[in-house]
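**Student:** The primary structure of each chain is shown beneath.
Protein chains: 2
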Amino acid sequence: MRAEIITIGDELLIGQVVDTNSAWIAEKLNEYGIELYQITSVHDQREHIIAALDEAFGRADIVLTTGGLGPTKDDITKHVLCEYFGTHLIEDARVRTHIEHLYSNRPDVLNRLTATQWLVPENAEILENRVGSAPLMVFHHGQQLLASMPGVPYEMKIAMEEQILPYIGRATASIIHKTLQVTGISESALAILLDEYEASMPASLHLAYLPKDGVIRLRLSAYGDLPEEGVTRWFGRLKVLVKDYLIADTDEPLEVLVGNILKARHQTISTAESCTGGKLAALLNKHAGSSAFYWGSIISYDNSVKEHLLGVPEEMIKKHGVVSEEVVRVMAESVRKQLNTDFSIATSGIAGPSGGTETKPVGTVWIAWATPKGTTAECFQLGKLREQVTDRACTKALIGLLKRLEE
Amino acid sequence: MRAEIITIGDELLIGQVVDTNSAWIAEKLNEYGIELYQITSVHDQREHIIAALDEAFGRADIVLTTGGLGPTKDDITKHVLCEYFGTHLIEDARVRTHIEHLYSNRPDVLNRLTATQWLVPENAEILENRVGSAPLMVFHHGQQLLASMPGVPYEMKIAMEEQILPYIGRATASIIHKTLQVTGISESALAILLDEYEASMPASLHLAYLPKDGVIRLRLSAYGDLPEEGVTRWFGRLKVLVKDYLIADTDEPLEVLVGNILKARHQTISTAESCTGGKLAALLNKHAGSSAFYWGSIISYDNSVKEHLLGVPEEMIKKHGVVSEEVVRVMAESVRKQLNTDFSIATSGIAGPSGGTETKPVGTVWIAWATPKGTTAECFQLGKLREQVTDRACTKALIGLLKRLEE
Numbered sequence: 097m098r099a100e101i102i103t104i105g106d107e108l109l110i111g112q113v114v115d116t117n118s119a120w121i122a123e124k125l126n127e128y129g130i131e132l133y134q135i136t137s138v139h140d141q142r143e144h145i146i147a148a149l150d151e152a153f154g155r156a157d158i159v160l161t162t163g164g165l166g167p168t169k170d171d172i173t174k175h176v177l178c179e180y181f182g183t184h185l186i187e188d189a190r191v192r193t194h195i196e197h198l199y200s201n202r203p204d205v206l207n208r209l210t211a212t213q214w215l216v217p218e219n220a221e222i223l224e225n226r227v228g229s230a231p232l233m234v235f236h237h238g239q240q241l242l243a244s245m246p247g248v249p250y251e252m253k254i255a256m257e258e259q260i261l262p263y264i265g266r267a268t269a270s271i272i273h274k275t276l277q278v279t280g281i282s283e284s285a286l287a288i289l290l291d292e293y294e295a296s297m298p299a300s301l302h303l304a305y306l307p308k309d310g311v312i313r314l315r316l317s318a319y320g321d322l323p324e325e326g327v328t329r330w331f332g333r334l335k336v337l338v339k340d341y342l343i344a345d346t347d348e349p350l351e352v353l354v355g356n357i358l359k360a361r362h363q364t365i366s367t368a369e370s371c372t373g374g375k376l377a378a379l380l381n382k383h384a385g386s387s388a389f390y391w392g393s394i395i396s397y398d399n400s401v402k403e404h405l406l407g408v409p410e411e412m413i414k415k416h417g418v419v420s421e422e423v424v425r426v427m428a429e430s431v432r433k434q435l436n437t438d439f440s441i442a443t444s445g446i447a448g449p450s451g452g453t454e455t456k457p458v459g460t461v462w463i464a465w466a467t468p469k470g471t472t473a474e475c476f477q478l479g480k481l482r483e484q485v486t487d488r489a490c491t492k493a494l495i496g497l498l499k500r501l502e503e
Numbered sequence: 097m098r099a100e101i102i103t104i105g106d107e108l109l110i111g112q113v114v115d116t117n118s119a120w121i122a123e124k125l126n127e128y129g130i131e132l133y134q135i136t137s138v139h140d141q142r143e144h145i146i147a148a149l150d151e152a153f154g155r156a157d158i159v160l161t162t163g164g165l166g167p168t169k170d171d172i173t174k175h176v177l178c179e180y181f182g183t184h185l186i187e188d189a190r191v192r193t194h195i196e197h198l199y200s201n202r203p204d205v206l207n208r209l210t211a212t213q214w215l216v217p218e219n220a221e222i223l224e225n226r227v228g229s230a231p232l233m234v235f236h237h238g239q240q241l242l243a244s245m246p247g248v249p250y251e252m253k254i255a256m257e258e259q260i261l262p263y264i265g266r267a268t269a270s271i272i273h274k275t276l277q278v279t280g281i282s283e284s285a286l287a288i289l290l291d292e293y294e295a296s297m298p299a300s301l302h303l304a305y306l307p308k309d310g311v312i313r314l315r316l317s318a319y320g321d322l323p324e325e326g327v328t329r330w331f332g333r334l335k336v337l338v339k340d341y342l343i344a345d346t347d348e349p350l351e352v353l354v355g356n357i358l359k360a361r362h363q364t365i366s367t368a369e370s371c372t373g374g375k376l377a378a379l380l381n382k383h384a385g386s387s388a389f390y391w392g393s394i395i396s397y398d399n400s401v402k403e404h405l406l407g408v409p410e411e412m413i414k415k416h417g418v419v420s421e422e423v424v425r426v427m428a429e430s431v432r433k434q435l436n437t438d439f440s441i442a443t444s445g446i447a448g449p450s451g452g453t454e455t456k457p458v459g460t461v462w463i464a465w466a467t468p469k470g471t472t473a474e475c476f477q478l479g480k481l482r483e484q485v486t487d488r489a490c491t492k493a494l495i496g497l498l499k500r501l502e503e
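Sequence lines, in order, name chains A and B.
By the count of the numbering used here, the first sequence reaches residue 503 at its end, each step adding exactly one.
By the count of the numbering used here, the second sequence reaches residue 503 at its end, each step adding exactly one.
Everything labelled a hint here was simulated from the structure, so no lab data went into it.
Some clues are possibly wrong.
One copy or two, it doesn't matter: identical chains are merged, so the pair holds either way.
[What the hints assert, rightly or not] Listed next, the in silico DSS-like pairs over lysine-lysine satisfying Cα-Cα at most 27 Å (straight line):
#1 253 with 415
#2 414 with 308
#3 339 with 169
#4 382 with 456
#5 382 with 308
#6 124 with 456
#7 339 with 359
#8 480 with 274
#9 456 with 415
#10 308 with 253
#11 335 with 124
#12 308 with 499
#13 274 with 359
#14 359 with 169
#15 308 with 335
#16 469 with 274
Being a predicted model, the structure only gives us computed values, none of them experimental.
Working from the sequences, and respecting the hints, build out all of it.
**Tutor:** Next comes the structure, spelled out in structure tokens:
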């Protein structure tokens, strides 16, 4: 079974909003064994939407649209779908009750524009949008179907999980993806290492390389009728081939891998961050359940904070600079001791664009790990762009921690 | 002049990677006065890429492709473009020299796969990819042109800014966007407030509503021949109409607005975060130059950290709970004093999914602002989803700070 996504909204095409919905939907469809063939982003414009619908129905069984369902004039998706499916709007009493209940505490919202939200296309099935006012609409188009959802990510996610996916039902086709993560090898060297392996793969298997921030994810995808145990066998061979570089044999983010190990061992962590400025802390507590292992952090962007809160001696900063092995070691040990955690990570670097010198150019980052076995530190050169430097520093910090957790 | 983007890569269609490139490219094209008509994401698959190229050339003057240029087998873009434009690969001595220089310190990368990177299509113009090995290729297709770039965001951005955009040249067509931001009013109430205004707008003007995390961005777009001063006049009228809710008359993120005010006044800020866990700190120091106003943070995820590092009395936590006005006020005042900053923000809330109670359900967040004029605190209900709660808490924290900076 094949699906396509059409995302509707001028904001996507002038770069005001990044389309995070499509990747999320894609992942869900894959779990359901539905192949996502294409993603198309179009303007809030009648002719453009109609052309995209025609093209998508020429290729896919299921068309999912997001966006354009607000009560304001720029949102036209509902009207265009009415025209496309040859129907008109009628009032839906159930939707009206739901919206009136949803906004019972907010009389300012229950106005004549919001009232247009309970007008729905007569020949569409209306599914419940538990958290918003835009109706979830399903249209049948011969054997094909179209589901229209709001573009607001939170609403769309609940709509997909609670309504659209159960509606579509678990498809029978099987797509299996298995991913592992490696580090410490270049993409081309890895490809050469796997040359024979790739050459001997059956046609229904596909290997993809996804490099990011110093980690390469290797994704093995099985389309068609290769049985699960066959895929598992090929994945096992892959793991053996890359064993010297292997970080994980799943697609789970590094912070989840780290969190799972710490939780299982009832151990805790803290961070002392300069250049990463809270990004590492936010990563560690991004996922539910992080309070079991993440205790807290001291973000010392200014040197005064390094001195007063982390006890880095002023003379040490003068002698070695704040981006130095000496300083990150003190930072890591100090936060580990003060927050009484088993592990800690400290970062200090030059994220740029300014602040670089001949000997310490932009992108220089020192990272220290304090563990029950002692403190170690490493220096990295992580590129020239501020965001790149801080993202990569977080990745290096987590890879370094994973290694030390496994020692 | 009209452009389209084709992003190429299976990873986009199984949800392994979010396409952040397109929004970035869209913004740049707009600055250049080039209208982006459509974004299409397709598989690393010959027939699919060719179909997308045919469709895009049927609509646009410029086609930009990203992705599929790595040295590994799954990347086929260069070969498909060769076929599409009826050419073949030849060695490019300049590209070879560049790649050999780029990897002069990394002999493991200079292998036979990397060597395929200096094979380029004979009839393409090759632009310099300063930071990577994939060639930037420009093909001419009658009056139309296609530029092919790597999918790695850092490489793509440098390629666009240094090579592709100057190549395309500043187009003559003019698209003007002006954006303002409001808060404290629902989308529908705002639309009713602007009903007459919208009805009287000329056809070349378009107003879009972009709600996110409690802030609505209103974007006024002028297509065609309305002169700049006309757009400015309409934008001025809009500002007057929404003045009671106005946060900013630009599209700049809240953290940039806050940073600009603090920098101009030579004032500083720190944060004490519980539920936001470093996200607010990372936002405040996301942009270059933040070290001028952002001093640091104490992230107190665990209660012991609130007690030991922020001096929150144990009895206070027992009596009022950690998610309380009393506790956030102490947190804010303590971090402001310890880090010696002019302002501070503290957050404590229940991000979920667990931890909610009858009186303090998931989504309850207390925020306190400590300023030279004193400390104030507010309580918010910010939804049910962990990421939503913490994102919205950061937005509320910054809006609250902006207000207090303007007092």
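**Student:** Taking the hints in turn, state whether each one holds.
**Tutor:** Comparing the hints with the structure gives:
For the homomeric pair residue 253 and residue 415, neither the shortest alpha-carbon distance inside one copy (53 Å) nor that between copies (38 Å) is at most 27 Å. For a Cα distance limit of 27 Å, the shortest separation of residue 414 from residue 308 qualifies neither inside one copy, at 35 Å, nor across copies, at 45 Å. For the homomeric pair residue 339 and residue 169, the shortest alpha-carbon distance between copies (21 Å) is at most 27 Å, but the shortest distance inside one copy (57 Å) is not. Within a single copy, residue 382 and residue 456 get their C-alpha atoms only as close as 32 Å, which misses the 27 Å cut-off; across copies the closest is 21 Å, which meets it.
In this assembly of identical chains, the alpha carbons of residue 382 and residue 308 lie at most 27 Å apart whether taken from the same copy (19 Å) or from different copies (20 Å). Taking CA atoms no more than 27 Å apart as the test, residue 124 paired with residue 456 passes in neither setting, with 44 Å inside one copy and 32 Å between copies. For the identical chains of this complex, residue 339 and residue 359 are intra-copy neighbours only, at 25 Å inside a copy versus 50 Å across copies, given an alpha-carbon limit of 27 Å. For the homomeric pair residue 480 and residue 274, neither the shortest alpha-carbon distance inside one copy (33 Å) nor that between copies (31 Å) is at most 27 Å.
Taking the shortest Cα distances, residue 456 and residue 415 sit within 27 Å of each other inside one copy (14 Å), while across copies they are farther apart (50 Å). Taking the shortest alpha-carbon separations for residue 308 and residue 253, both the intra-copy value of 26 Å and the inter-copy value of 15 Å come in at or below 27 Å. Taking identical chains as interchangeable, the C-alpha atoms of residue 335 and residue 124 lie at most 27 Å apart only when both belong to the same chain, with a minimum of 26 Å there against 41 Å between chains. Taking the closest pair of Cα atoms, residue 308 and residue 499 come within 27 Å of each other only inside a single copy of the chain (19 Å); across copies the shortest separation is 39 Å, beyond that limit.
Within a single copy, residue 274 and residue 359 get their C-alpha atoms as close as 24 Å, which meets the 27 Å cut-off; across copies the closest is 49 Å, which misses it. Taking identical chains as interchangeable, the C-alpha atoms of residue 359 and residue 169 are never at most 27 Å apart, the minima being 50 Å within one chain and 39 Å between chains. Taking the closest pair of Cα atoms, residue 308 and residue 335 come within 27 Å of each other only inside a single copy of the chain (19 Å); across copies the shortest separation is 42 Å, beyond that limit. In this assembly of identical chains, residue 469 and residue 274 lie within 27 Å of each other by CA distance neither inside one copy nor across copies; the values are 35 Å within and 57 Å between.
Checked against the numbered hints listed earlier, the structure breaks hints 1, 2, 6, 8, 14 and 16; every other hint is satisfied.
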